[in-house]
Amino acid sequence: MKKTIIEVKDLKKDFYVGDITVHALRGINLEIKEGEFVAIMGTSGSGKSTMLNVLGCLDKPTSGSYLLDGVSMGELSRNELAALRNEKLGFVFQSYNLLPRTSALENVELPLFYNSKVKPKERRERAIAALEAVGLADRMHHMPNQMSGGQQQRAAIARSLVNDPVVILADEATGNLDTRTSYEIMALLQDLNSKGKTIVFVTHEPDIAKFMTREVVFRDGLIIREDMVTGRHNAAELLKSLPVEDTV
Amino acid sequence: MLGIIIGVASVIVMLAIGQGSKKSIRDQMSSMGTNLIMVMPASQQRGGIMLGNSSSQNMTLPDIIAIEKDCSYLTAVSPEVRSSGQAVVGNSNWPTSVYGVNDKYFSIRKFTIKTGRSFSDKEVQTYAKVCLVGQTIIEKLFEGKTDPIGQTVRFKGIPLLIIGVLAEKGENGMGTDQDDLIIAPYTTVQKRILAITYIQSIYASAVSEEKNDAAIDQITTSLRKSHKLKDGVTDDFQVRSQAEMVQTFSSISDVLTILLGAIAGISLLVGGIGIMNIMYVSVTERTREIGLRLSVGGRANDIMMQFLVESILLSVIGGVIGITFGILMTYVAANLMNWPTVIMPAAVIMSFLVCSAIGIFFGWYPARKASNLNPIDALRYE
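Sequence order for the protein chains is A and B. End of the first sequence = 248 in the numbering used here, gap-free, step of one. End of the second sequence = 382 in the numbering used here, gap-free, step of one.
Don't take each hint at face value.
[To be verified] Short derived list, chain B residues pointing at chain A, Cβ under 10 Å:
1) Arg-286
2) Arg-288
3) Glu-289
4) Leu-292
5) Leu-294
6) Val-296
7) Gly-298
8) Ala-300
9) Asn-301
10) Pro-375
11) Ile-376
12) Leu-379
[Claimed, not checked] What follows is a set of in silico ranges between Cβ atoms, one per label pair, in the way DEER data are often shown:
13) Ala-262(B) to Gly-74(A): 54 to 60 Å
14) Glu-34(A) to Asp-377(B): 28 to 34 Å
15) Asn-277(B) to Asn-234(A): 16 to 22 Å
16) Asn-372(B) to Glu-125(A): 31 to 37 Å
17) Leu-67(A) to Asn-372(B): 23 to 29 Å
18) Ala-262(B) to Glu-125(A): 54 to 60 Å
19) Gly-175(A) to Asn-372(B): 28 to 34 Å
20) Leu-259(B) to Lys-119(A): 51 to 57 Å
21) Asp-27(B) to Met-143(A): 58 to 64 Å
22) Met-228(A) to Tyr-365(B): 49 to 55 Å
23) Tyr-365(B) to Ser-65(A): 35 to 41 Å
24) Leu-76(A) to Val-281(B): 31 to 37 Å
By construction, these hints were calculated from the structure, which means they are not laboratory data. Just so it is clear, CB atoms sit at the ideal spot from N, CA and C, and this is done for glycine as well.
Sequences and hints are given; from them, build the entire structure.
Following this line, the structure appears as structure tokens:
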């Protein structure tokens, strides 16, 4: 029996816009086990982003319980939530969110910077290791604007890995990338997943979801479908089948 | 940051100018002799009858010798006896005063001898009929003639040989012409002109302005001893210093300095508000960065510290540039415009501290705003 990383029970989230109450999540039950690669799908307004915010401890649910790696986030303070994000979560964003005018290495070091247990020397070593893991060892000292979108997203993935989180949360991580680069990123994530990383990936593209092990489909604040992915794609193989682009 | 630079620079320049004008007033005062101490006879009682000040004839040469011996805070002491009357050269004449003094008088009253010489000890001992004259006397009695040395001026029938000419000194603070005088040995004036043995007043220099009060005490003690005054008997003399006058002028220029400093302080405040604006813009521009930092585990305090440190750095760097600029400006003002300036180390240190304080004070609000951002909104911010 694999360890349960995320356990959500009857989770509800309401937003108040003026007099109107928006029910973004209307009672979600979800369990994610260690080593899973879960796609959270849904059209815009389905509640998937709100779900990710709650999963990422960026937002508190209105009601219901959420256990992350055995820790209940319901009663934590702002600072405790920050510490939880720092130690247990890794974020990958659609628009990379790297700090401008800061080298890839320093960007990757950032989460460890907020962890006082990590000494500067160890911080650097772990950042280098994370960059090597995503294949960016030769771009370590490049600024974000000197890197391609794919490379920037790799750096962002390295940043999410560096604190050795229990789960990586990716929000449309391939949304800004072309097909080939998307496949490269998915190949990287599949590789990490095969090494045991738990990944939750929000997307609205069904063919991207095919790279994962399980699909969870949201609509109007509820989970309407939850399936194991059949005929899972292998990004590394697909990449080989793509026509070789003219390299400039 | 520019605001801080200008603010700090103006504080330093303004205070330097304020202090400079204070110093220049002091210098003008000391051209009259800042550490000048005057001793004059005071009213005294004889059998219950009050006698007027000037009628006193109680100061004598031994008093001066005693003062010279007793008072360690004095650098020079001179007696003064004075006679007013007509000075005559050939067929011109002019009403003036003859001051009978010793050769230390010139340094005490800050007279410079332009040409010729001062009188010697021997001339003092032998009641020599020699004198030095001021510029007004030359103008009135020797129209046109450039060199009066070797000429004779008659005063109350006594012919005095001119051995020196004093440099021009102009009017003093009270509008008295300080060049309208003849200076002769006090012995000459005592014996040959006034036929008296007492001394009308004593002039002395304290070692420094700060030691004025101590010197006055020493003179008082010495004179009381010489005059054999018992405890409880009032002084039969009065000692005054120029210090009181200097203090009055100093306090005027202190007000000036405070005023200038206050104006400069306002520009520093404006600079601080500038820093706050910059920090606000910076917080807005970097909203996504703040969101990211929060999402990777930065605590509200971490974010706050980051922006506070930035604003302090900004204002301190501004302050350092401002101080450099201010000192430079002060030199320019001093050299090009010949303004008297004094850079106060206290002002430099003060404005540096104020800069850091401004960094904290005006950086705090934007930093707090940054730290209170909701990470979700901050990440989505475009």
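**Request:** Check each numbered hint from earlier against the structure, then list the numbers of those it violates in ascending order.
**Result:** 15
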